[in-house]
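**Student:** One-letter residues, chain by chain:
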Amino acid sequence: MPTESIGNELALLLGIAWLLPLAGFAVEIFGGFLWPRVSRTAAYIAVACIGIGFLCSFTALMKWGNATDWVVLKGTDSHHASAGEHGGEGHGDEGHGDEGHAEEAAHAEHAEGEESESGVHHDAVATTFSGTMYSLGTFGGLEVTLDWYIDSLTLLMFTMVTLIATCIHVFAIGYMSDELTEDHVDHEVHTADGGHFHRPGRFYKFFSYMSLFCFSMLGLVLAGNIFQVFVFWELVGICSYLLIGFYVERKSASTAANKAFIVNRVGDWGFIIGLMILWTYCGTFRFVGEESTDGHAAKPGLFEMVRGNDGQIDVNEEEDVVYLRDAHGHRLEDPETHEPKTIPYALLIVAGLGVFGGCIGKSAQFPLQTWLPDAMEGPTPVSALVHSATMVAAGVYLAGRFYPVFTPEVLLTIAYIGCITLFLAATIAVVATDIKRVLAYSTISQLGYMMLGIGLGGWAAGLFHLVTHAFFKSLMFLASGSVIVGCHHEQEMPRMGGLRRKMPITAYTMLIGVIAIAGLAIPGTVIAFSGYHSKDAIVATALAHTNLNPGHFLLFIVPLVTAGITAFYMFRLWFYTFAGEPRDQELYDHVHESPWVMTGPLLVLSVFAAGCAIGGEQGFLYSMLSHSEPAGVATGVEAAAVSLPGHDLIHDVHHEAGVMALFAAVSGAIIAYLLYGAHVLNPADIQRHFTGLYTFLVEKWRFDDLYDAMFVRPSRVVAGWCAATDRVVFDGILHGACRAAINISKWDRLFDEGIVDGLVNLVGNVVFGIGRSLRVVQTGRLRQYIMFIAVGVLTLFVLLFAFFPKY
Amino acid sequence: MEVGLNHYLFVGAVMFVTGVICMASKRNGIGVLMGVELVLNGANVNFVAFARYTALGLDGHVIAMFVIVLAAAEAAVALAIALNFYNNHLTIDVDRGDELRG
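Going line by line, the protein sequences match chains A and B.
When the letters of the first sequence are read in order and numbered with my numbering, they come out as residues 9 to 815.
When the letters of the second sequence are read in order and numbered with my numbering, they come out as residues 3 to 104.
Just so you know, these hints were derived from the structure itself, not from any lab.
Treat the hints with care, as some may be off.
To be verified - Simulated DEER-style distance windows between Cβ atoms:
hint	chain 1	residue 1	chain 2	residue 2	range
1	A	Ile763	B	Asn89	52 to 62 Å
2	B	Ile70	A	Val799	41 to 51 Å
3	B	Phe68	A	Pro813	46 to 56 Å
4	B	Ala57	A	Pro813	50 to 60 Å
Claimed, not checked - The calculated lysine to any residue pairs, modelled on SDA-like cross-linking and capped at a C-alpha distance of 25 Å, are:
hint	chain 1	residue 1	chain 2	residue 2
5	B	Lys28	A	Thr787
6	B	Lys28	A	Met795
7	A	Lys814	B	Lys28
8	B	Lys28	A	His497
9	B	Lys28	A	Pro348
10	A	Lys307	A	Ser260
11	A	Lys510	A	Ile530
12	B	Lys28	A	Lys307
13	A	Lys814	B	Asn8
It should be emphasised that the depicted structure is a prediction, and the values quoted were computed from it without experimental measurement.
For every residue, glycine included, the Cβ atom is placed at its ideal position computed from N, Cα and C.
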């Protein structure tokens, strides 16, 4: 099997998909100065770049599949096969039940068949490829390189990100078309003379930022070491900053952009701490070791060091030190002292928590969730991109990618953070009335689900939900963008209603998204929308986890209840906006369906939102994902403190969990229908009965107030002190010094003017005086001069003879 | 009475003083030039006398020759000046040339 060439081919394809948007960015940002403001060239270039990127990614996916002979899709019980696959990569053989052994054997036969064909010795078909693109430099022991790491997760992320980004770019051509003018009027910005703010359109700038955004996200996914991830992580951050603050003249937009950026810095602070710890103890940033092509012992990467090849952490008896291991499971030794290389267990936890801190910031988890709703200030396509494929997905992606380094304690933290987040955000979404804000809170809630899934050991379930959520959430955001354009930038749902008659395509594609996120399905058939499968997988993981650890029952109850709340608020949104009678007749009269350039992407995305998870856990998407699962996840972990469920345990409760989740979702949807569709109860009455709770939720659990009181105001007070210190002490010193300098200068001036200038002037004056007095001698009479000479010579002679001695 | 050094020196001194008085008293430019010639030749008489009577020897003659050459050159230049002076003032009265007075 020509593994190397396949790996390089994949890297080339994904590299093209990754770098094209960067090239597009460069062309668009500079070309913007040349093209007229009404030119759509930038948009076409951006769409072309990301579209070709999608084709490359898809080709890479297909190539990968063919090269691995679609090994992920073979066998009825795919996750066992994949577990065996992964173990096989490191010559390991992990026992997991009779069924697993049977699979293993079957797989071994298959692998032998491969060998005889190609003649290369491989225990299994290689499915993970990594390598180095470019070495930036070596600084002591630190080697900074651009690496690539490609497995099925990378490929799926690439395909998903480029596909969604292409749809969003196309949609944005329509959505941003009001920027195609020399004189754009921003109706939200009021000038001092009572008019609106006028500025040239920024169409090209929007698309160049979007291209840069895609480049950053793809780079993050392709990255083969954690440092590179960090670099692109920050690039994603700056792009979101630029795009959230796109309407920079609006105070709210610039504040939201700052908030997003600053809140993310809090998370990144943890990220950097994690990086420092890992580098100090492991001495490398790479995910996996370098290929040992020349027979030398491969330099192991972070994943092998911490988890070995069997997915277990090698802890000593006191449980305070973790032995680092190489790719074959042997303990690493210091080459000089032959002491085993270790990392303190506590520090490994801190490193994991630190890196997860970055994920908290990026994926807007509790307690850093406050920036995401404010990020709605950006144009709607940006919200769609941020909320589905790029920014927030980066956090979950990293939590998944970095899973092997997380200890059980960290995973439990992740689970609880996710659990808190999903509940908190869902409750706020229930009372939100801004259509985009409902979606924003639902994003936070769904991200909580993903984190929960990953934290509970349902690695593939969490990332499964990431992909399905990306499709239906981008769909819903674009649909809401279509609504907003149709309603002439009205975002408040109470003013809408009945829109489905005016904009049917938007309404029904939105409905598909709503059904998908709510997780509705018809039991017993294959008819199920993508959200059903992915949420179901997470709930099943939670149930299996609760069965193992009854103490952590909240981790199952809360997501289950929230599944109902999710269905409730999403259907509330739909009924509020599209169903019933128009609440604002004037607005309704001016509503129109969006042009094809906007509805087309909606239709494409709705197909994926509905069907991307088809087949559920036996389907293509889940099989692909679970194939990349880190070693050891499939078997689960038996531990005294917190056990993680393996695949078989999850599988056992799958049906049960599916029914419960479906029941919760259906009841949520029915309640929403009763309240907002059929008007059996008046929501306003309920609101009156629970005024306190309602206000609490409308104020977003008062997190903004809390942070304002906890951080903003204290820092303002401290800043006030600093300012006072500056004013009193430093300014005092400076002013004193200045005054002293002025006084000294005054004396110096007197000295200069009196003495130095006086001396010079004196010399001048004397010379001038002498010259003036000698002037009278110059009579101009020749005969007089001769008399002077004669008399002078005579005088000289007289003096000479009178006073000098004679010889 | 033997004619000695002092007699020559006396003649030289008389010529010198006569020349100086001539320079100082003549308003005519040509007259002043003649006074200069007298002064130079007074000095020449002295040189030649010293050459004849003292250890100065041939040097005195040589210096006298130089003075004669010098006087010739000076006369040429001075006559040119006198002509220009005349062109400018229509006279050669040196008292009229007082533009450079202090």
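**Student:** So, for every hint listed, does it hold in this structure?
**Tutor:** Against the structure, the hints come out as follows:
no.	hint	result
1	A:Ile763 - B:Asn89: 52 to 62 Å	56 Å, holds
2	B:Ile70 - A:Val799: 41 to 51 Å	28 Å, violated
3	B:Phe68 - A:Pro813: 46 to 56 Å	32 Å, violated
4	B:Ala57 - A:Pro813: 50 to 60 Å	23 Å, violated
5	B:Lys28 - A:Thr787	17 Å, holds
6	B:Lys28 - A:Met795	12 Å, holds
7	A:Lys814 - B:Lys28	37 Å, violated
8	B:Lys28 - A:His497	115 Å, violated
9	B:Lys28 - A:Pro348	124 Å, violated
10	A:Lys307 - A:Ser260	50 Å, violated
11	A:Lys510 - A:Ile530	29 Å, violated
12	B:Lys28 - A:Lys307	117 Å, violated
13	A:Lys814 - B:Asn8	20 Å, holds
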